[in-house]
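Please take these sequences and the hints and turn them into a complete structure.
Below, each chain spelled out in residue letters.
There are 2 protein chains.
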Amino acid sequence: MDKEIYERINEKLVRGYRDISNIEEKELRKGPFHDLSIKELHTINAITMYHHKTSSQVSQEMRVTPGTLTAAINNLARKGYVQRLREKTDRRVIRLGLTRKGRSAYRLHDSFHRKMVMSFLDGFNKDEISLIEHAVDNLIEFLEDKNHAAKQGPSERDGMQSC
Amino acid sequence: MDKEIYERINEKLVRGYRDISNIEEKELRKGPFHDLSIKELHTINAITMYHHKTSSQVSQEMRVTPGTLTAAINNLARKGYVQRLREKTDRRVIRLGLTRKGRSAYRLHDSFHRKMVMSFLDGFNKDEISLIEHAVDNLIEFLEDKNHAAKQGPSERDGMQSC
DNA sequence: AGATATAGTTCAAACATCAAAGTATTTGAG
DNA sequence: CTCAAATACTTTGATGTTTGAACTATATCT
Numbered sequence: 001m002d003k004e005i006y007e008r009i010n011e012k013l014v015r016g017y018r019d020i021s022n023i024e025e026k027e028l029r030k031g032p033f034h035d036l037s038i039k040e041l042h043t044i045n046a047i048t049m050y051h052h053k054t055s056s057q058v059s060q061e062m063r064v065t066p067g068t069l070t071a072a073i074n075n076l077a078r079k080g081y082v083q084r085l086r087e088k089t090d091r092r093v094i095r096l097g098l099t100r101k102g103r104s105a106y107r108l109h110d111s112f113h114r115k116m117v118m119s120f121l122d123g124f125n126k127d128e129i130s131l132i133e134h135a136v137d138n139l140i141e142f143l144e145d146k147n148h149a150a151k152q153g154p155s156e157r158d159g160m161q162s163c
Numbered sequence: 001m002d003k004e005i006y007e008r009i010n011e012k013l014v015r016g017y018r019d020i021s022n023i024e025e026k027e028l029r030k031g032p033f034h035d036l037s038i039k040e041l042h043t044i045n046a047i048t049m050y051h052h053k054t055s056s057q058v059s060q061e062m063r064v065t066p067g068t069l070t071a072a073i074n075n076l077a078r079k080g081y082v083q084r085l086r087e088k089t090d091r092r093v094i095r096l097g098l099t100r101k102g103r104s105a106y107r108l109h110d111s112f113h114r115k116m117v118m119s120f121l122d123g124f125n126k127d128e129i130s131l132i133e134h135a136v137d138n139l140i141e142f143l144e145d146k147n148h149a150a151k152q153g154p155s156e157r158d159g160m161q162s163c
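Protein chains in written order, with the UniProt record's numbering: chain A, 1 to 163; chain B, 1 to 163.
By construction, these hints were calculated from the structure, which means they are not laboratory data.
Any given hint might turn out to be false.
In this list, chains with the same sequence are indistinguishable; a pair is considered to hold if it fits within one copy or across any two.
[To be verified] Dumping the calculated SDA-like pairs for lysine to any residue here, alpha-carbon to alpha-carbon at most 20 Å:
1) 26 <-> 144
2) 101 <-> 14
3) 88 <-> 68
4) 115 <-> 50
5) 88 <-> 126
6) 39 <-> 131
7) 115 <-> 133
8) 88 <-> 75
9) 3 <-> 118
10) 39 <-> 129
11) 12 <-> 118
12) 39 <-> 70
13) 12 <-> 69
14) 126 <-> 67
15) 39 <-> 141
16) 30 <-> 113
17) 79 <-> 114
18) 88 <-> 106
19) 26 <-> 74
20) 12 <-> 131
21) 26 <-> 94
Written as structure tokens, this is what we have:
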């Protein structure tokens, strides 16, 4: 492929990637939830509206250790965004739920995402959108491959020498 | 637009976004530069191969405060990836350069990016690629709009009521 | 020359993160 | 049934990143 095109698209992706968090945080600061950081908002987002996932589930999805999540939940509970709900049938597990305020923050963040994705896809027809989705799928697949390779360890990356 | 399509693409973008840093870091740990974090690598990337940008330039591009960059450069210099070069004509300014080792790390990271972008665009022809690029442009434009709106302050977002 | 501006550094505080040890609870083997 | 092992989460201590504000050194402007 053309080197120039690669450079240009790479540069744009890097720029977009770098700016998203910054801008999400700035938007956040303007609204009624100025006591939330972007990371806290992402935790709220991972908890989701009504699923009452367990702590373990959320920490795995977020790729952080259980201890990290505990600390994050402590803060969000103190600020009134999240509630811990102890499971009746197995008292070891904690289920996480958003308070009314938490759901409100969730919706605000979601509407930002909606606007962002809408503008990403603005002006394309169904076929073109599915082409773009295919490119995104390519990217995710690439990341998943790398992820599995990393899990197996570097020595077995290609060719499965073990056994 | 179709709500279902939005949900699906949003979910994929969020997942991709979340995984990129994790996987870049994992890849990094496998190679010869295991003493670098992903943030440090991004600093090296912002310094670029041969431009000798000033500290201010780099900190602005990275959207961090000058103090943050100083700390990062201290670490990278200690580890032998970056050199400070004092400007002859204006002794206040520091220009930043990569050492041989720093350039080597830069290249490794760049090759990861290259593979990632290549897989993103895999299987598309020129026209299709320029369509995808257009979508990325849309996204960047959205972010820039939001960024300017944020700079002006929330009260003047739309309609320039001042004066 | 002296005031002001600019470039970068230092410092103290806040926060996120992790690994490892700890607590409470459940499960499973005998 | 009982106790050892497993599981779910929390606590703790250490590390690294980030910021804002005060600071140093240098340049520019009047």
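Task: Within, between, both or neither, where residue 115 and residue 133 count as close if Cα-Cα is 20 Å or less - done: Both ways: residue 115 and residue 133 sit 17 Å apart in one copy and 19 Å across, limit 20 Å.
Task: Alpha-carbon proximity context of residue 39 and residue 129, limit 20 Å - done: neither (30 Å within a copy, 33 Å between copies)
Task: Copy assignment of residue 12 with residue 69, given that the CA separation must stay at most 20 Å - done: neither (32 Å within a copy, 23 Å between copies)
- [ ] Check residue 88 against residue 106 for me: Cα-Cα at most 20 Å, and say if that holds within a copy, between copies, both or neither.
- [x] neither (27 Å within a copy, 52 Å between copies)
Task: Within, between, both or neither: residue 115, residue 50 at alpha-carbon 20 Å - done: Cα proximity of residue 115 and residue 50: none, with 23 Å in one copy and 38 Å across.
Open item on the list: My question is about residue 88 and residue 75: at a cut-off of 20 Å on alpha-carbon distance, are they close within one copy, between copies, both, or neither?
Closed with: Cα proximity of residue 88 and residue 75: none, with 24 Å in one copy and 49 Å across.
TODO: Have a look at residue 79 and residue 114 and pick one of within, between, both or neither, based on CA distance no larger than 20 Å.
DONE: neither (26 Å within a copy, 42 Å between copies)
Task: Up to 20 Å CA-CA - residue 131 versus residue 12, copy category - done: Both: 19 Å inside a copy, 14 Å across copies.
- [ ] Could you place residue 101 and residue 14 in one of the four classes (within, between, both, neither) given a Cα distance threshold of 20 Å?
- [x] neither (34 Å within a copy, 23 Å between copies)
- [ ] Have a look at residue 39 and residue 141 and pick one of within, between, both or neither, based on CA distance no larger than 20 Å.
- [x] neither (25 Å within a copy, 24 Å between copies)
- [ ] Since the copies are identical, ignore which copy is meant and state whether residue 12 and residue 118 lie within 20 Å (CA to CA) inside a copy, between copies, both or neither.
- [x] both (18 Å within a copy, 14 Å between copies)
TODO: At 20 Å max between alpha carbons, let me know whether residue 30 reaches residue 113 within a copy, between copies, both or neither.
DONE: within (16 Å within a copy, 34 Å between copies)
In this structure, the hints that do not hold are numbers 2, 3, 4, 5, 6, 8, 10, 13, 14, 15, 17, 18, 19 and 21, in rising order.
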